[in-house]
Amino acid sequence: MTRQLSVKKNACSSETHQPQNVERLVRMATLVAITTVFLGACATPQNIDYMAFKSSSPTSMLILPPVNDSPDIKATPGVMATATLPLAEAGYYVLPVSLAEETFKQNGMTTPTDIHQLATTKLREIFGADAAVYIRVKEYGTQYLVFGSDTRVTVEARIVDLRNGQQIWAGSATASSTEGNSNNDGIVGMLVKAVVNQIVNTVTDASYKYAGIANQRLLGAPIKNGILYGPRSPNYQKD
Amino acid sequence: MMGLARVRLGFVAALLGLAISGCANKPAPLYQWEGYQRQVYEYMVGDGTTPAEQLTTLQTLAEKARAGDAALPPGFRAHVGLLHLKLGQNEDARRAFEAEKASFPESSQYMEFLLKRMKGEQS
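Chain order of the listed sequences is A and B.
FYI, the numbering used here numbers position 128 of the first sequence as 128, with every residue one higher than the one before it.
FYI, the numbering used here numbers position 99 of the second sequence as 99, with every residue one higher than the one before it.
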């Protein structure tokens with residue numbers, strides 16, 4: 001009687017033990033996976049060709065007024081005002097964007113499209129920058145959806161060496177208010193959030209905030225396939 | 001059983017440590033950015049605060065940076081110079097462009113271009 005019972009007990013415990021071990025293994029694997037993602041985010045694998053960038057080795061960058069493909073007229077100032085930070089923190093001297101725009105205006109150049117057509121030799125002569133950053137705003141603004149809104153900024157950039165006219169880098173990036181927004185709140189919760197989001201996003205000029213995030217992803221360092229560090233960074237030539 | 005738990009804890013700690021140290025080479029910001037980009041944006045959009053108000057804000061930010069021994073970002077002084085120009089304070093503008101040049105020699109050519117233009121307008 002007691003023997004039978006103990007056998008039963010054993011069988012039972014081994015049945016519950018096995019799934020526990022599997023669960024533990026799965027949890028461990030998840031942890032390893034998460035850690036790998038963390039590490040991956042910090043590293044900068046160099047998949048694109050940096051030959052031209054390295055031989056150009058610019059010290060200063062001139063951000064040209066961005067060409068705007070979106071319907072929002074604030075896209076050009078929004079992206080232009082927030083492009084300096086990532087480049088400067090990456091170690092480059094960035095020419096003052098407001099003054100550069102003024103100089104273009106005084107020379108009869110008012111549209112970004114015209115400015116992007118200017119000869120690189122002319123830009124080099126006036127501004128003395130080693131490279132120019134040609135930005136195109138693909139998306140800028142808030143779209144209203146049934147459940148919520150999406151404030152989204154998408155930018156593309158090319159960096160051109162002004163001493164020889166050669167393109168040394170190109171990339172693109174997006175930032176959106178929907179990132180990390182969970183949809184686990186149920187229909188009513190989503191509706192409430194939608195109203196709040198619409199008010200908040202329009203009143204506070206939300207696109208400007210996402211312009212800053214998109215620019216950081218586009219022109220910051222270290223970023224996968226992003227720009228290399230400049231001479232004013234302690235990480236210069238370590239990438 | 002206790003030993004196993006301890007080993008597991010050690011493993012988790014090691015992984016976390018690895019993840020954190022992987023990001024540890026992220027340096028402190030080179031410059032103090034607080035409020036500056038917003039002022040540049042306001043200037044370029046031009047439908048909010050006046051250049052005089054923007055100048056006051058930037059001067060406050062500059063003092064704050066000085067007090068905290070933080071470096072002003074590239075273009076900060078030059079942008080201040082532009083606001084002085086807008087307000088007809090040419091001598092202050094000239095000093096601001098000189099200050100940009102002194103802080104960032106990379107700006108020399110453009111600052112010289114601006115200073116020469118100002119001289120041309122005066123004579």
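Simulated from the structure, these hints should not be mistaken for laboratory data.
Don't take every hint at face value.
Here are the simulated BS3-like pairs of lysine-lysine, each with C-alpha atoms no more than 25 Å apart in a straight line [said to hold, decoys possible]:
id, chain 1, residue 1, chain 2, residue 2
1, A, Lys105, B, Lys116
2, A, Lys224, A, Lys138
3, B, Lys119, A, Lys105
4, B, Lys116, A, Lys74
5, B, Lys64, A, Lys105
6, A, Lys138, A, Lys209
7, A, Lys105, A, Lys138
8, B, Lys86, B, Lys64
9, A, Lys209, B, Lys64
10, A, Lys105, B, Lys86
11, A, Lys122, A, Lys54
12, A, Lys105, A, Lys122
13, B, Lys86, A, Lys74
14, B, Lys64, A, Lys122
15, B, Lys86, B, Lys119
16, A, Lys122, B, Lys116
Would you pick out the hints that fail for this structure and give their numbers low to high? The structure breaks hints 4, 5, 14; every other hint is satisfied.
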